[in-house]
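Novice: Protein chains in written order, with the numbering used here: chain Y, 1 to 261; chain S, 1 to 303; chain W, 1 to 330; chain L, 1 to 237; chain Z, 1 to 436.
Because the hints were derived from the structure by calculation, they are not lab data. C-beta: ideal position from N, C-alpha, C; glycine also. Treat the hints with caution; some may be incorrect.
Label pairs and their computed distance ranges (CB to CB) [as the list claims (entries may be wrong)]:
hint	chain 1	residue 1	chain 2	residue 2	range
1	S	Ile-289	Y	Lys-109	28 to 38 Å
2	L	Gln-223	W	Arg-110	26 to 36 Å
3	Z	Ser-288	W	Phe-95	35 to 45 Å
4	W	Phe-95	S	Val-69	53 to 63 Å
5	Y	Gln-186	L	Arg-75	32 to 42 Å
6	Z	Thr-279	S	Val-69	49 to 59 Å
7	S	Tyr-58	W	Phe-95	52 to 62 Å
8	L	Gly-187	S	Trp-61	53 to 63 Å
9	W	Leu-314	S	Tyr-58	32 to 42 Å
10	Z	Lys-312	S	Tyr-58	50 to 60 Å
11	S	Val-135	Z	Pro-400	31 to 41 Å
12	W	Leu-21	Y	Ile-71	29 to 39 Å
13	Z	Thr-170	S	Val-69	40 to 50 Å
14	S	Trp-61	W	Leu-99	24 to 34 Å
Calculated pairs, DSS-like style, for lysine-lysine (alpha carbon to alpha carbon, straight line, at most 25 Å) [as the list claims (entries may be wrong)]:
hint	chain 1	residue 1	chain 2	residue 2
15	L	Lys-63	L	Lys-5
16	Z	Lys-72	S	Lys-145
17	S	Lys-172	L	Lys-63
18	S	Lys-145	Z	Lys-171
To list a few chain Y residues with every Cβ distance to chain W over 12 Å, as calculated [claimed, not checked]:
hint	residue
19	Asn-6
20	Lys-197
21	Gly-234
22	Arg-241
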Amino acid sequence: MDKNENILSIKNLTINFGGLKALDDVFLDIAPNQVVALIGPNGAGKTTLFNAISGLVKPDSGDISFDGKSIKWPKPSQLAKYGIARTLQGVGLYSGLTVLENVMMGADKHRNSYFIKDMLGLSSSNESSLKDRAMDALAWAGAAHLSDLSPSELTYPDSKRVAMARALVMQPKLLLLDEPAAGLGQDEIDTLAKLIKDLKRKCAILIVEHHVDFVSHISDEVYVLNFGKVIASGSFETVKRDPAVVAAYLGTDSSNHGGQL
Amino acid sequence: MDIFLSAIFAGTSRGAIYALAALGLVLVWRGAGVVNFAQMGQAMFSTYIASTLIAQNYSYWVAFVVALVSGGLLGALVDLLVMRPLNRKRSSSALDSPAMRSTIPVIASLGILGVLQAAAGMIWAAEERGFPTPVNSLGLVINGKIMPFTAFDLFVIGIVFVTLVATTYFFKGTGMGLAMRASALNPEVARLSGIRIGFVRTLSWVISGVASSLAGLLVTPSANLSPYTLDLILIIGFTAAVVGGLDSLLGSVIGGFALGLLVSFVNVYDAPEDIFLAILIVLLTVLIIRPQGILGSKEVRRV
Amino acid sequence: MSKASSYGRKNLVISILFTALVFFLSIKLDPYNQGQLSVALMFFIGILSIVLLTGASGQISLGQGALMAVGGFAAALGILNLGLSIWFAIALAVFAALLAGLLLGIAAARLSGPYLAGTTLVIALAIPSLATRFESVFGGDVGLTIDFGNPPAWLTSLMGEVGYEQWQLLATLPFATLALFFTSNILNSRTGRSWRALRDNEVAASLAGMKISETKIFVFVISSGFAGLAGVLYGLRGIVGPSVYPISLSLLLLTGAVLGGIRSILGALIGALLVVFLPDLIEWASGSFSPSEQIANYLPAMISSILLILTVVLNPGGIAHGLHHKKSHH
Amino acid sequence: MLEIKDLVTEYGSVKALNGISLVAHEGKITTVIGANGAGKSTLLRTISALEHPRSGSITWKNKSIVGLSPEKIVRLGIAHVPEGHAVISQLSVEENIEMGALFRMRSNKADVRLAIQEIYQLFPRLEERKKQLAGSLSGGERQMLAISRALVSRPSLLLLDEPSLGLAPLVVEQIIQTVNDLCRNTGLTVLLVEQNANTALGVADHGILLSLGTVAADLPAAQMKADVALRAAYLGY
Amino acid sequence: MALVAGVAVSTLAITALPATAASDPGVSATEIVLGMQLPQSGAASPGYNKVDDAMRGYFDYVNSKGGIYGRKIRLEVKDDQYKAGLTVSSASSLINKDKVFAFIGSVGTQTHISVIGDINRRGIPDLFVNSGYSGFYTNPKLYPNSFAALGTYVVESKIVGKYLKDTYPTKKIGILYQTDDFGRNALAGFTTAGLTFEAKKTAVNFIAGTQGSLGLASQLTALKANGVEIVIIAAVASATAIAVSTAAQLGYKPDKWVVTSVGSDATTFQTILGSKGVTPAVSAGLLSGIISASHAPSPGEATDEYVVAFKKINDDFNKGPDKRWDNNVLQGMNIAYMATSALFGVGKNLTRKGLVSYIENNGSKISTAALSPLAYSRTTHEAFTSFWIGAYDGATVLKPIDGTRVLYTTDSGTGPVTVSNYVRPALPADAIAKGA
């Protein structure tokens, strides 16, 4: 795969926390309109990788390029500019905003130059376009009827929908989903899978997920992390039979892995 | 040289007071995660109690002990009546956001300060009072010169160090101290270890209450007792605690003495009007350059 | 959906109704209550600055009084040294407070919670002390005398005789209305939304493209502008000086904000009315059992402190929250 | 015997546990396995009262422990080692261990001393490092410390949450073996939550597979290890 | 019907017009309502909170004797906590709710300045303000209705300054002053009198109210190190107590302490030191020899007829929580006494304009317990331009130095200090001055 085609490309990413290598020479490529899943046991470094991509953690070394352009590691506030949207583990909705406002936050481009207009009450047209886009996104996520509620009044699956809508409304080129299936029932997971397949037509998706069944249904490519390293990558079918992956998940009765204490 | 020396001495004796105030703040911050803006209000209140007893011809030491006990009781009351219900409420409150979670106890403590000052005003404020010292307060003589430093100042510094050593020993050397540190650092692991964190928290309010009433008893001989005299000590004590590192006992004592010297040197070499500005500049500088303070640990700071 | 998109129009209507109501009261009330109401409007503006800063963006300040002082002194200097009319002086005050807010905001943006509270408290102490430090400019403890002056001729020709308190109220009213209009627009627009988002979840807000520090500083600046406006109006009652803007003023405004409801404009109004009229209310209520002078003098402080604690513990959303109840608020 | 019946625990509106029933026999290792999000940790947290169940019962030695506080439950001999090497990194190794015995320090100081000595025999590395801050330990040592903190209370039931988390296989092996030895030698009852299923089932007497807050399988460990359903739960085949 | 001329007013006072003729607010056939603002609570209240009770005590006494031409005096008091923002509100309350006829005895420069403009604009008499700030009184065109109850800080310090310069020409004199209007006004007065102070060597300052938190040791050490032999303290009484006791701790014994009248109340001094555990005998010893100035008799002068009479009235009529006899009580009594004198002087037809005009034109006729004449005139509204200088004796009474009381007079400007030969008129038998 030509790397210029990739929407996101990461090379040699290493992050140390104290003496601990949280990520070790990690690579990752995502092509447009592809769903890539990141799996691995707890503590393998999946969330750290997510955080690095979203600028919440600063890598010690490595390269990241987006849309074929190499950028220095992004700051969180630049993500939107690069067209990357992210959902947070534990949903991360703004508790003091209504559902609609939460999604409108995603739709907004955040420039203070609107302040004077806002203060004078002259931003109605902007507001209504933001609102329309937010309502569209909510409708897409099947949450339009929730728009006036506060996040604390939502069920967990519903708040996940809202979080998805908030990310989607940014019209990202790349969507980072952090454990979207966690805490959902089977019906809801099926709905989610449909949503993601639908979404794939609009953008590339990188997903951290534990629910393997779900991953197997939606992902084009899977990266398996363990101890901060990519131990396998490829289609789910190939990856799941990789002995290293089996060992990482189910443990080893007789392991010849090097011990690291 | 004389001036310089006396600035050092004057600064040290003031610094001891600020150190005690800072210690009180650190104790409750470490034990309960609250910066208690009502602290010097509690100190004022218990000092008034002592003053009333002394006026009724009880001995200084009886009043002293009663003040410490009532300081501890006040601390317990603050925790039981305000902070505990607040903690219970906070998780489900309408204002639940990380920013507000650390802010609401501050507002509550300001309310407590208001109640204490108003109550003291209702009970005692008709006249201004002084407060005695338990030991001689004449300047010490060094090389035939009388220094701006009295036996009472030595007594105060002694008490600061005894308090520092005692609280440090308490934290490092006793089971209850360990329980207190554990419940402040990681309440969940503490509870799973069988530590009754509610009790431990109240106890830290009690200890902080005792330490602040000690500060009140020792500062009022040089201040006049009124419901408001100690407000400034709180502000300087807060700065001292932040300079030293809000979670370090030794740091807060160092911060207290540093602030004492700062105040004294600004007073002597510049002008008293600049003291507050100097305090502000020091506070901001520390917060920007070394937010965890001189001795504070980085992990615990919650900036 | 067209209703909410015209928030500006809705706020305009509310502001006009507010103006009409206060104007009506300005005619109906006795002079004392006219004066009290005008103080309440000034505090309303001051509390709005807390609603913006603490309610919307989650930053606490115990030093709003210092920013009020900046506004007051700027205006007084403008009036006394440059001969500005009070209207230009008010503009100057807001500008000076915005500037001071920028400086403070840069320092404060890195801080939160108790650190921010303590630091702003030191600021509240340090800034008024500048007045004594540079006495020749700021007038020392005595301060600088300014006032609203006499009602303009056009007003008296329009309304007949206008009392001093009434004029004070009428002169304050347009600014309170503007503050109300601006604040409700800010809070109901994307600006307010993004401030609240920042308060609720910094990480999510930054992922949405917000620059956290810049925004925090910006909120500080805007909030300071309101505080400065409140400060100059408060000073125009007769004097600008350290004893006009003591630390207790900052705490009083915070109390009002919390009692009324720190996230609500209605709450700001309720809180302002409460802290201004509480002493009158207590005096009226305690008339029957006439407490001793010493107790009566400390009663307002006692009651407002107790109310503050009760609010924080039992109903942190304040009175306005109780009124809105289940309705999701803005 | 620990007996749990129809346990339901919710986080907000999410049912993390949706009617769990199980039994952990005395002197045996019972392992609870399952993918992330299956409710394993919530189960342990509900037993030790860090979470309050919506409904259902938990009995230990035939007494209900629902509604007690975590600190009471420790006193009943139930020690919980939560997920993620739960030690307090700003405290020394020794202090972390002592912390677990504080509640019985006054009543039985001699036995606490003895218990600490036994722990040092069990994990000599901890004795070597007893003055160091727990934060300076390696992951494996921290896990040992976390277990020690629980053991020093002389529990009769040990709730162990993912001791393998983030540890190299060799270390996991060692820790699991230690737990196994403890159980076999002292009659300690162990409820072991693991994602690392093969390792856990290797030592356990009984296995319980959780899926989405319900019990998907409840089998003797050896039988479960051979079960294909298990693989499906983890890897989808 | 503008009654401008003072003479006309006095004439009217004699012609017995019915009392109902008056139409100004706050005065009826049966009552005169006066308003007062002071800190009754808060940091600045101790001491001052006794003044209003003393005034009310005297007015109650007057009322018990039939009031002023049948009108009882009612004193409405508002607590402003020494916060100017509250002063404005409480003034409005007094004006609009209590409908006071005049303000009287308001305490505090910083607070009164916030309302003085408004009170004057409304034409309300602003009697006997308890502030020595000369800016209020020396230009009657600015504040035509405001009159002082004290000598200005400038007058007092000029008089004391000249005395020190004359008496101790070779001594090194230093000053400890609080950094507010009072301290700096005093400093200015002493400088005008020809005393020279070098900053940091012989002039040290501290921030008012913070002495307890910040200490005075470094200031006093500076004075000591620079060999200052005479120390002037321009501070409130509680600060004086701290300064003198701190100096004692430092072993600093200047030849003379000189304390301005505001800071030299013996009762406050002894109360504060007393609650510090200093016995009355010792604190009296500390006080002994301290030089101060006063326009009035010392409250401890047991033979002064005014002191005796006021003390008796205080015992019988003061209902305040703390009515211990001291400077504050004496001051309150005297203000009420002066007000009674002026109100009687105006006559039955009591109007605001009439009252102001009467005081302005009959300053010397208004009766006062002070040993200085009242200086009210059309050119100045200062109260006392004369002070006598004394030293505390061993019994905490301020006594004339060398036994003879010499009264010095000057102005708040740069005028010279001269000796006055004023003799205070005798006290009326019922201790009520019913006018000339």
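Novice: Each of the hints needs a verdict: does it hold here or not?
Specialist: Against the structure, the hints:
| no. | hint | result |
| --- | --- | --- |
| 1 | S:Ile-289 with Y:Lys-109: 28 to 38 Å | holds (35 Å) |
| 2 | L:Gln-223 with W:Arg-110: 26 to 36 Å | violated (59 Å) |
| 3 | Z:Ser-288 with W:Phe-95: 35 to 45 Å | violated (58 Å) |
| 4 | W:Phe-95 with S:Val-69: 53 to 63 Å | holds (55 Å) |
| 5 | Y:Gln-186 with L:Arg-75: 32 to 42 Å | holds (41 Å) |
| 6 | Z:Thr-279 with S:Val-69: 49 to 59 Å | violated (28 Å) |
| 7 | S:Tyr-58 with W:Phe-95: 52 to 62 Å | holds (59 Å) |
| 8 | L:Gly-187 with S:Trp-61: 53 to 63 Å | holds (57 Å) |
| 9 | W:Leu-314 with S:Tyr-58: 32 to 42 Å | holds (40 Å) |
| 10 | Z:Lys-312 with S:Tyr-58: 50 to 60 Å | violated (35 Å) |
| 11 | S:Val-135 with Z:Pro-400: 31 to 41 Å | holds (40 Å) |
| 12 | W:Leu-21 with Y:Ile-71: 29 to 39 Å | violated (56 Å) |
| 13 | Z:Thr-170 with S:Val-69: 40 to 50 Å | violated (57 Å) |
| 14 | S:Trp-61 with W:Leu-99: 24 to 34 Å | violated (55 Å) |
| 15 | L:Lys-63 with L:Lys-5 | holds (13 Å) |
| 16 | Z:Lys-72 with S:Lys-145 | violated (63 Å) |
| 17 | S:Lys-172 with L:Lys-63 | violated (38 Å) |
| 18 | S:Lys-145 with Z:Lys-171 | holds (22 Å) |
| 19 | Asn-6 | holds (22 Å) |
| 20 | Lys-197 | holds (24 Å) |
| 21 | Gly-234 | holds (29 Å) |
| 22 | Arg-241 | holds (36 Å) |
Hints 2, 3, 6, 10, 12, 13, 14, 16 and 17, counting from the list given before, are not met by this structure.
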